[in-house]
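K.L.:
Given the sequences, and given the hints that come with them, work out the whole structure.
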Amino acid sequence: MISSSSLRSLLNREEVFPFLVPDIPPELDLSHGVILYLEGISVSFDGFKAINDLNLYIDDGELRCIIGPNGAGKTTMMDIITGKTRPDIGSAWFGQGINLLKLDEPEIAAKGIGRKFQKPTVFEEHTVHTNLELAMAGDKSVWKTLKAKLSSEQKDSIYEVATLIGLKEQIRTRAGSLSHGQKQWLEIGMLLMQSPKLLLIDEPVAGMTQQEMERTAELLTTLSGQHSVIVVEHDMDFVRSIARKVSVLHQGSILAEGTMDEVQNNQQVVEVYLGE
Amino acid sequence: MISLFASLRGDRAGIILLILLLLATVAVPVCNLVVPENSPVHISTFTMALLGKYLCYALLAISVDLVWGYLGILSLGHGAFFALGGYAMGMYLMRQIGDRGVYGNPLLPDFMVFLNWKDLPWFWHGFDMFWFTLLMVLIVPALLAIVVGWFAFRSRVTGVYLSIITQAMTYALMLAFFRNEMGFGGNNGLTDFKDLLGFSLQSDSTRAGLFIASALALAFGYISCRYITRSRLGQAALAIRDQEARLRFIGYRVENIKLWIFTFSAMLAGLAGALYVPQVGIINPTEFSPLNSIEMVVWVAVGGRATLYGAAVGALLVNYAKSFLTVTFPDAWLFGLGAIFVLVTLFLPKGVAGLFKKQEAHR
Ligand SMILES: Nc1ncnc2c1ncn2[C@@H]1O[C@H](COP(=O)(O)OP(=O)(O)OP(=O)(O)O)[C@@H](O)[C@H]1O
Ligand SMILES: [Mg+2]
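Protein chains in written order, with our numbering: chain A, 1 to 276; chain B, 1001 to 1363.
Don't read these hints as lab results, they were simulated from the structure.
Watch out, some of these pointers could steer you wrong.
For the chain A half of the interface with chain B, some residues (derived, Cβ under 8 Å), not all of them [stated by the list, open to error]:
#: 1; residue: P106
#: 2; residue: A109
#: 3; residue: R115
#: 4; residue: T121
#: 5; residue: E124
#: 6; residue: T130
#: 7; residue: L134
#: 8; residue: A135
#: 9; residue: K140
#: 10; residue: T145
#: 11; residue: A148
#: 12; residue: M190
#: 13; residue: Q194
Here are the computed distance ranges between Cβ atoms for each label pair [what the hints assert, rightly or not]:
#: 14; chain 1: B; residue 1: A1245; chain 2: A; residue 2: H234; range: 19 to 27 Å
#: 15; chain 1: A; residue 1: E124; chain 2: B; residue 2: V1160; range: 18 to 26 Å
#: 16; chain 1: B; residue 1: R1154; chain 2: A; residue 2: G71; range: 30 to 38 Å
#: 17; chain 1: A; residue 1: G138; chain 2: B; residue 2: V1113; range: 55 to 63 Å
#: 18; chain 1: B; residue 1: A1245; chain 2: A; residue 2: Y57; range: 26 to 34 Å
#: 19; chain 1: A; residue 1: Y57; chain 2: B; residue 2: A1176; range: 52 to 60 Å
#: 20; chain 1: A; residue 1: I171; chain 2: B; residue 2: F1199; range: 49 to 57 Å
#: 21; chain 1: B; residue 1: A1245; chain 2: A; residue 2: Q268; range: 33 to 41 Å
#: 22; chain 1: A; residue 1: G138; chain 2: B; residue 2: I1146; range: 23 to 31 Å
#: 23; chain 1: B; residue 1: L1346; chain 2: A; residue 2: Y57; range: 52 to 60 Å
#: 24; chain 1: A; residue 1: G61; chain 2: B; residue 2: L1346; range: 53 to 61 Å
Selected chain B positions facing chain A (Cβ under 10 Å, derived; list incomplete) [to be verified]:
#: 25; residue: D1242
#: 26; residue: Q1243
#: 27; residue: A1245
Yeah, the Cβ is synthetic: ideal placement off N, Cα and C, and Gly gets one too.
P.N.:
Below is the structure:
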């Protein structure tokens, strides 16, 4: 027997049944000034804890550097944020309302998180131009992609980015024939085309000359403010040149946080790095 | 429509292929119907049917190239889509026989009467209408592609495992269609066709019409595949072939792209099968045989992957060789096929199309 009250609630047209509520995550809400929350995250691979109770908060518009010895879990952390790896426990929120753990890679990308990989991964058979075009922000559904035509503004923005990353001359070159440093730049360019709110950049200056490194530093600093940027890097000079706040990751959790000087004078950090 | 043809801009090989097709659509029927039989340029009806069959194979090869060359899915089951399209057409042709069968039953095809069936199975209804048949020729392969693709692509099955799944798919269908209870004529398949749209399949003009239809279907298949591969979607497909995971991180739903292109390809294969059946006069479960699907991949490899026109050329070349070899050395074909495949992989990794490209590059 259905009781009369539950019957009434069934007939109540104001009532919206939970299964009818679309499970669409809300748009990015930055009302608290924090763009990324990672709380209590752990991941283990075959019993080995790559991430161990990690807590990390990134402010809107911040440029954060993450350092740490090899195998500290820096790349794994990015894998979790971008949906590639699912944590065993913990929570990951993008702004106030977007639960990253419920989304997959393309959804997370569409919400505004872009990523540059440690090993530069560009589409080698495609030209620089096509690489940038594919990455460009916009509706990436099948039908829209089939019918897509570059507007003149979009063409301009591709050329702008190509100029910015110093690949204007090579715009019709196959990406596979670029140098290692140029590929790094192309990947950063693809990130810019995506115009994400949060950029995750894994070892951007590996394989770059001193000059290229300086330009990268300049670019990343100009990006912060409008975007939030997380940079993972081993090169300490580079980190020093861009960092305002540095987090040290060790054995899957944050060991220390602060300015570069604070961190470098931290006894635990010194031990970790010397102990290597 | 305009953008469909605009995608041919700069595609020299493709334009040549289409012009040759256009010439053939006019010349072959004329040489068969108008030119007197004793003339040296007369084309016999047998040859015309053979050429029409090759055109169907070429369309099939293009559909394989679309998924293999551009999307990186090595489908070893495209024969299933081809055969399903063929069976749909075969069912229509069976219903066209009407009461002219051996048993003279106005509704039931002969094999059903032979099995003592009293009613037409539900899935045979509607196949007395040509428009319905045409719809099924496209929808049935598409449905199979959607179901298989949906499961496989969502669970991110790739590479060899995906090939094995497609191969298993066509093998399972072959076993199913061999069974009499399935209602598709068992191992005899469907044959003894009489008319298509009321035109006798024995008449030369019907044969010429089928040839023309095959050429037009091939042209349509080529242009539409070219349109897809030239679009941004086609670039995304290539990116999937080379770096599938990377594409997800810039926001593309890889599984959806795969599913749509795979399904479109299956429909083209179904169309090829539907045009093939009235020209060869029979469809039976051996069309589902795993070996057939592997042969299709060899056509594409011989012609050159990811060129579309190469696939068509490869299908023509290999099948010409097959027709020749099976007549002169009936037992040698499988060895011949294997040898072709090995030689091409060793000496022409880019297929016949690679030869042309090399020449262009030298200039
Ligand atoms: N998919 C995986 N399966 C098993 N172990 C993994 C996997 N991914 C990462 N690991 C392990 O987790 C640990 C952390 O790896 P991670 O790549 O995150 O380190 P990292 O801080 O980026 O190091 P590096 O500075 O060398 O890039 C390593 O010991 C690595 O071997
Ligand atoms: Mg790393």
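K.L.:
Give a verdict on every hint.
P.N.:
The hints, checked one at a time:
{"no.": "1", "hint": "P106", "in the structure": "5 Å, holds"}
{"no.": "2", "hint": "A109", "in the structure": "4 Å, holds"}
{"no.": "3", "hint": "R115", "in the structure": "5 Å, holds"}
{"no.": "4", "hint": "T121", "in the structure": "5 Å, holds"}
{"no.": "5", "hint": "E124", "in the structure": "6 Å, holds"}
{"no.": "6", "hint": "T130", "in the structure": "5 Å, holds"}
{"no.": "7", "hint": "L134", "in the structure": "6 Å, holds"}
{"no.": "8", "hint": "A135", "in the structure": "5 Å, holds"}
{"no.": "9", "hint": "K140", "in the structure": "5 Å, holds"}
{"no.": "10", "hint": "T145", "in the structure": "4 Å, holds"}
{"no.": "11", "hint": "A148", "in the structure": "4 Å, holds"}
{"no.": "12", "hint": "M190", "in the structure": "7 Å, holds"}
{"no.": "13", "hint": "Q194", "in the structure": "6 Å, holds"}
{"no.": "14", "hint": "B:A1245 x A:H234: 19 to 27 Å", "in the structure": "24 Å, holds"}
{"no.": "15", "hint": "A:E124 x B:V1160: 18 to 26 Å", "in the structure": "22 Å, holds"}
{"no.": "16", "hint": "B:R1154 x A:G71: 30 to 38 Å", "in the structure": "32 Å, holds"}
{"no.": "17", "hint": "A:G138 x B:V1113: 55 to 63 Å", "in the structure": "60 Å, holds"}
{"no.": "18", "hint": "B:A1245 x A:Y57: 26 to 34 Å", "in the structure": "28 Å, holds"}
{"no.": "19", "hint": "A:Y57 x B:A1176: 52 to 60 Å", "in the structure": "58 Å, holds"}
{"no.": "20", "hint": "A:I171 x B:F1199: 49 to 57 Å", "in the structure": "56 Å, holds"}
{"no.": "21", "hint": "B:A1245 x A:Q268: 33 to 41 Å", "in the structure": "36 Å, holds"}
{"no.": "22", "hint": "A:G138 x B:I1146: 23 to 31 Å", "in the structure": "26 Å, holds"}
{"no.": "23", "hint": "B:L1346 x A:Y57: 52 to 60 Å", "in the structure": "58 Å, holds"}
{"no.": "24", "hint": "A:G61 x B:L1346: 53 to 61 Å", "in the structure": "58 Å, holds"}
{"no.": "25", "hint": "D1242", "in the structure": "6 Å, holds"}
{"no.": "26", "hint": "Q1243", "in the structure": "6 Å, holds"}
{"no.": "27", "hint": "A1245", "in the structure": "8 Å, holds"}
No hint from the list above goes unmet by this structure.
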